[in-house]
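Below are the chains, spelled out letter by letter.
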Amino acid sequence: MPSSTSIGTGYDLSNSVFSPDGRNFQVEYATKAVENGGTAIGIRCKDGVVLAVEKLIGSKLLVPGSNKRIASVDNHIGIACSGLVPDARHFTSRARSEASNWRKLYRSPIPISSMADAMGGYAQAYTLYSSVRPFGVTAIIGGMDEAGGPGLWMVEPSGVGWGYFGAATGRGRQAAKAELEKLPLPNITVEEAVKQAARIIYFAHDDNSKDKDFELEMTWVRLEKGSAEELEEGGATKGWGKHEEVPKELVAEAERLAKESMEGGGDEEMEE
Amino acid sequence: MESKPTGNLSIDGIHVDMEHLKKGEVNLGTSIMAALFDGGVILGADSRTTTGSYIANRVTDKLTQVHDTIWCCRSGSAADTQAIADIVHYYLQLYNVQNHEPPTTQVAASIFQELCYSNKDQLSAGMIIAGYDARRKGEVYSIPLGGSLHKQRYAIGGSGSTYIYGYCDANWKENMTEAECIEFVKGALAEAVKWDGSSGGVIRMVVLTERGAERKIFFPDESYKGNGQ
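Chains as they are written, first to last, in my numbering: chain L, 1 to 272; chain U, 273 to 501.
Careful: at least some of the hints might be erroneous.
Stated by the list, open to error - Derived DSS-like pairs (lysine-lysine); straight-line CA-CA distance at most 30 Å: (1) Lys242/L / Lys392/U; (2) Lys488/U / Lys225/L; (3) Lys423/U / Lys225/L; (4) Lys225/L / Lys212/L; (5) Lys104/L / Lys392/U; (6) Lys392/U / Lys445/U; (7) Lys104/L / Lys409/U; (8) Lys409/U / Lys242/L; (9) Lys104/L / Lys445/U; (10) Lys225/L / Lys32/L; (11) Lys46/L / Lys409/U; (12) Lys212/L / Lys46/L.
To be verified - Computed far set for chain L versus chain U, every beta-carbon distance over 10 Å: (13) Asn36; (14) Pro111; (15) Lys212.
To be verified - One-sided and incomplete, this derived list gives chain U residues near chain L with beta-carbon spacing under 10 Å: (16) Gln370; (17) Asn371; (18) Ile489.
Think of the hints as simulated: they come from the structure by calculation, not from any bench. Even glycine gets a Cβ: it sits at the ideal position worked out from N, Cα and C.
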């Protein structure tokens, strides 16, 4: 982050201007915007991917379950965002175009790594010109494709995108990362990950935004039941997955367990 | 509005349009095919290229590589189909480096179709695409004149193919061995070459399996009975 000595030097006023020590402050400010967003996490499992966000609620007048933070950009890809909501909307809209263009040209769904590459390239272009600002968004891209199986990527405001077994961003990312590292990833199932994701979001919320209301939003990507392309290769399931909301009963059960583990006090591990 | 047909209307009322090609255009009045077998796919073609009634090339290679194990059979205008294959070859190379994985046969067929359909008014190209990849094994796609795309277990094309619909229907079997499939393709093309005046020369084949791509050639003076080298 810019030190107090760098503020007022003028190098942070415009995109595409480097400071003398080779930094781009606008990108760093965008990263700051993300750090204030609700926690978002992604878990890569052997048979799919789970995405979860802590949606902070600014008003009791908002309809519960509205204003979703996880978007479907194609049948098999979901994107969970943390940071500025309007930026995230534009970002996911672009991802939908990428997916749709790919289908038009190649008559097949886009692989997850290709989507992450495309979106990384798009975010990076917004660090280059003085007429634009970087995205105040870190996006977790999760999906499942035929060649690679489950895929989980995180694209940051700078445009870098890394592949992950477990990804976390937003306000509670440090606590969430610490919890994700304790899981035996990617060797857990989607069902197990749903419970862990709920627990981690509750844990991160307790750690960082205890005074605020929030809703847990959770989706998964996995093969549809009875899918013809289900194949086991080296432990990971491959095929085109389906991105959808986790069924209400499962979320309710996961939330019940999460609250229980909170009341159980501190670091107690939940076992299944 | 009455549209007047070009070409000559002969005395028996059969209309033969010999003017559909530009003067001197090189045509692949051709016999081509591709067929699946257990473990891969085989492409086959004759080797005759004509300009009108003149055989411009008697040892033409109509089997063209567009990626490691994705090939196509070309029929129609030699210039058009070569240009299309060149463009698809470029797209597939680009796909390979940009996405860090080789394109599937389906991706290749989709690009072929996009080119053939969107330029249908200016093209004379009938193509058969065949490829092998470890995940989906062998695949055959046919793109006839209008630019439609058909996934098939075997496909035949070119002027000579009209003579072998019956042969192929009678002799095609599901899950042939590699040797059986070579005999099937060779037998079908030998018939096509026998009956079609615009087909002839050697029979070329490309066998696509997990081993990669292997070429074969069979000569008319050996009655196409050689070992394919």
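Review point. Which hint numbers does the structure go against, in order from smallest to largest?
Key: 1, 2, 4, 6, 9, 10, 12, 14, 18
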